[in-house]
Amino acid sequence: MLCRIVQISALFISTSLLAAEHWSFQPLKAGKGNSIDEFIQRGLAEKGMKSSPRADAHTLIRRATFDLTGLPPSDESDSSDMSDKHFAHLVDSLLASPHYGEQWARHWLDVARYSDTKGYVYAREEKQWVHATPYRDWVVRALNEDMPYDRFLLLQIAGDQIVPPNSPDLAAMGFLTLGRRFLGVTHDIIDDRIDVVTRGTLGLTVACARCHDHKFDPIPTRDYYALYGVFQSSAEAVVPCAVVRNEELSALVKKNRELMTKRRGEQMARTRARSADYIAAQKDLEKYPEEVFGQLLDDKDLNPFIVHRFTAWLEKHPGNELTEDTLKQLGSPAFVPDEHIANIEMYFPTGVTTELWKSQADVDRFIIKKSAAPAHATVLVDRPLPSMPRVFIRGNPLTKGDEVPRQFLSAFGKQTPFTKGSGRLELAQAITDPRNPLTARVMVNRLWQHHFGRGLVSTPSDFGKQGGAPSHPELLDWLAQRFIDSGWSIKAMHRLIMSSKTYQQSSQSSDLSDPDNRLLSRMNPHRLSFEEARDAWISAAGRLNRLVGGRPEALFASSNTRRTLYALVDRENVPAVMRTFDFANPDLSIPQRTETTVPQQALFGMNHPFVVQQAKSLLNRPEVKSADASTRIHRIYARLFQRAPMSDELNFSLGFVHEDQAPIIATADHSKSWQYGYGEWDESTGKVKHFKPLPHFTGIAWQGDEAWPNEKLGWAQLTASGGHPGNDRKHAVVRRWVAGTDGSYTINSTLIHEPQVGDGIRAFVSHSRLGKLRSATVLGVDAVMNLDTIAFKAGDTLDFIVDIGSGLNSDQFLWSPKITSSLTAVTGAGGDTPNDTWEAEKDFSAQPKSQLTAWEQLVQVLMLSNEFMFVD
Amino acid sequence: MNLPLTRRDFLSRSGMGMAALGLADLHASKPHFAPKAKRVIHFFLNGGPSHVDTFDPKPALAKYEGKPVTSHRITERKTGAAFPSPFKFQRYGRSGIEVSELFAKTAAHIDDIAVIRSMQAQVPNHEPSLMLMNCGDSIQARPSLGAWLTYGLGSGNENLPGFIAMCPGGMPIKSAENWQSAFLPGAFQGTYVDSQHQSVDRLIENIRSPHADTRVQMRQLELMRRLNDAHRQQRSDPRLEARIQSFELAFRMQIEAADAFDVSKEPQHMRDLYGDGVHGRQTLIARRLLERGVRMVQLWHGAGQPWDNHDNIETNHRKLAAQIDQPIAALLHDLKQRGMLEDTLVIWGGEFGRTPTVELSGGKSKLGRDHNHYGFSVWMAGGGIKGGTVYGSTDEFGFAAQENPTSVHDLHATILHLMGLNHEELTYRYAGRDFRLTDVYGDVLTPILA
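Same order as they appear, the protein sequences are chains A and B.
Counting in the numbering used here, the first sequence runs from 1 upward without gaps.
Counting in the numbering used here, the second sequence runs from 1 upward without gaps.
No wet-lab data here; the hints were simulated from the structure.
It is possible that some hints are incorrect.
To be verified - Partial selection, computed: residues in chain B whose CB lies under 7 Å from chain A: (1) Glu76; (2) Arg77; (3) Ser175; (4) Phe183; (5) Pro185; (6) Arg235; (7) Ser246; (8) Arg433.
Built from N, CA and C at the ideal position, the CB exists for glycine as well.
Extracted from the complex, chain A is given alone in its bound form:
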């Protein structure tokens, strides 16, 4: 493996000295002060500054509600009395809301590099995790229940050793097992786990010590491999985390187990039979590459992975002989452990690995798709023989250095080797030990960061030398101590922070002497995250489905009115709009999202149908629809901003909706000459049977539903320039042209099918009276489909029909016909002049789907305004 640290010619300082000196390794200090405000005021006073006055009631309600639940307050929120007592009551009720857990789970999921999918895997394997939904829902539940933070971490790192089988708390271990697959390369999977645990809980960048001692922090390479050993001694297992039984699933699991047992047995026999060859191969090791090097192997090949297992065994047992008996034992190089295929795919010939993954995928798909299936967790379990790790010199597994015991980091004092199994539980206990000053500091800083927009330490997952120094070190320690003393209650910390004057102060200040506001002389305004914005839009429209938990849904499926937390996160393909709005990269542990302002965000707001849909829904609410113009504007303002419009706002809104809109300059509207539908090709009549219009227009395509493909009509789609046939022969897509006037017409068109795979598509041109005029079957080629002077009567149609070959595979096509009238005499009644041309592609996108009404324009603008997007 490669070594990945940028060389910096820093002064070489002995790391052991740093351990003593660096602030974050020091025990928590009891500073002078007994409230958040006292510490903050002291900082301000030193610079001769003052805090800002308390924000008004309306602002406080909006701030607290978005902060704790990620949702806007209801428009009926009573803002008449906002005494301290009243505000505390509001905070309590928000903390009791099930939506609190959803909002704060998302912050933790950023750190946990949460994804519903594994990322890139070979096709043999199911791409979606079986345990992502249970993990996400567990985090929500744990936060809602105010699970003590130390237990929250213990369960996520070593839940398997704390709770009984089938416990819902096993889902917690998704924290370790939801990372990328790294094409199955063990070293990288373990590296990812070390990284998420150490940066996530301790704010230490231990992964920097993979190749050599940490350049800045007291983390020697030995420490990295001490933790490496913990994870190397743990194997993945997929287990139910609910007590429900499902017979169908049990049968699938049994079948999968039997196949695995059979293939393991065969593999062990194969290796034993060729042990002499494996030993001989030791002389030729360079012929057997490492596991990153993917070779396709058959059952006659010596497996390089097993060759290296022989190497390790022989080194460890000098002078011993590998007898037939030894080879049958656990730990022998011929032994294949009884584990989930994810752990042991390297042991088998490629064909067998594929077969085993496919069998596993049948189980996985059942769990993912069937609502009757019990929830499953992917946990780590200790292997029967924990391994003693060896340092990989410069991170290279081929150059092994000293052995190191599995143990906790040396920066925390004298190390004692772990003794229980892999040591994972001991690791978790060391992390949550109240004497460990980092864990509490790191977490209270994360909480502070999400309340104030920035942590007291500005590098929330790096409390090392290279991280930021705390702006208020005494406050940080005071909070950390309170956190521990409260029994690690996260909700207690929210109450503590939100009851402070510091939190409740106004964000509007003209004093710019501290432009970054490090000293907190005012509140920092908050720009809504992507999730918050989408949830607020749907919520304003009155369409938010407040169901908590459950399977993910495609972000823009038209039926998806759930919170954005439940949008499918596919780490291989995060929707562009989510990336554009700074969604946390699910490949990496992200402690703080970047915040960018780019035009693509504005384009989404202006042009994507989503925001407009919400605007329309809001206008369709009965109390809005029925009201007169002025009341209507009041109700719109109440829903969007939870306030009444001011008189000038009311006036220009009224002006805006009543202003005569200049007529759209009319161009020949050919879009009416085209229809987009589907049906079944009938060879006997040469026409389409059961033509039905495609029901949904996205603005760029006609299809079954907003998502594509969708349950209604599968892949069927027509776009300006082409499309995709439906999933079977009953669902041919039909682009229909309707003749406006009698006459003869010429048709020019080229059908293009580009993919070189699959079995191609069939295409037909059919006249409503004359029947089939042309047909073609194409695979990866073009077909010219021209027709000269065809007679039409007004109302006759010409269908351009495409259906699948014998199967559904790579059937997308391009086909945008051009129709020209060849008659010059008569002017038709439809307004189309002779010698006219209808171009499928041009006519398709010449017109917006439908122009927004003035009211819709108004609401869309209000939904995109800064007032909507920022919380003061």
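For this one, chain A is given, so just place chain B on it according to the hints.
Below, chain B alone, put in the same frame as chain A:
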């Protein structure tokens, strides 16, 4: 309400200073030294084009046909005896560099091209090699070259994305990871364009409104400006103004992008020059984008891995090369005519090459070649490149790099260098470390610099 009379009027009145845009604060935005090239176009022949059939002639393969080669190496699959190239090579240009008939039209420009014949990747598998070639690391999630370039230099046109990846008909293997921004802000990641489409609204997401025409949008933006101005009165957050400007920028982007992607605005002779297939069209679009200041355009050959010819390489390579030879030659010619070749870097290559030995499937040959990461060719032309150069070589048979073995990190260091960036100084702090595209490696290939 005072509506602007014309679009021009509207744009001049919204009079934007560019300074406050959020992204400008995030990127380094300045080259480290005077750049030789200002923009990059990368033809990515995904799947792995065979070097011994294109830019690295190996007459020894004919001599040893059917016999084992001495430089044989382990690859993903089993391969057998020497398999001579079925394609004819000939010398081109003043430099006399040999190129196969597959790229005869491109070869007419060989005196502008530097061929690196000694490239090496790390393993013979697509996924890690794609990641290495695009992002500088086989396994870990790291920002792509295009993301680093836009981070380092910004876009040359605020109205267009700085980094565009076009692939007709779908995604290559590893999808959007090939142009990811990883830990860099999401705005630096490549904008994917499915170039099989012709209308702009199919090419770029949300670029055209399905529910409002320009006039309505102008009316809405005018209202939004008014609301936001009032809102901003009592507030001092610079993000408010940045967001106001982003809407006006977006409005202009709709017009500019639609124009950039509309090849019908090119004269017929230009469209003929590039050819009318999808590759001609995407290459012509790429030129229009580069002309407008887009920093990097990547042109993928197609969905999946079209160049991965384990079988019947003669037919398959011939067909694939025929699709892009003319567009590449047209681009080189066109850039030169416009005076753009001197500051545009053109890159050609795949994630690795192919074996000089024939692939065996169940012991039998289907006359294809397996993946080969030990040695393969990549070429560059244009901005700062010494044309008519051959750098490095593979062994007698073309199995492995022999003279001047060149890592992908070296290639990346050279590309950044040509763009005016020192690869050791272009860094980003993430997870406690200063990361760079070239990790701890990379040497600029000075012999191919002009």
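Structure-based check of all given hints:
1. Glu76: Since the shortest Cβ distance to chain A is 6 Å, the answer is holds.
2. Arg77: 5 Å, holds
3. Ser175: 5 Å, holds
4. Phe183: 6 Å, holds
5. Pro185: Holds, about 4 Å.
6. Arg235: Interface hint status for arginine 235 (chain B): holds (6 Å vs cutoff 7 Å).
7. Ser246: Since chain A brings a Cβ to about 5 Å from serine 246 (chain B), closer than 7 Å, the hint holds.
8. Arg433: Holds, because the Cβ-Cβ distance from arginine 433 (chain B) to chain A comes to roughly 6 Å (cut-off 7 Å).
When each numbered hint is compared with the structure, no violation occurs for any of them.
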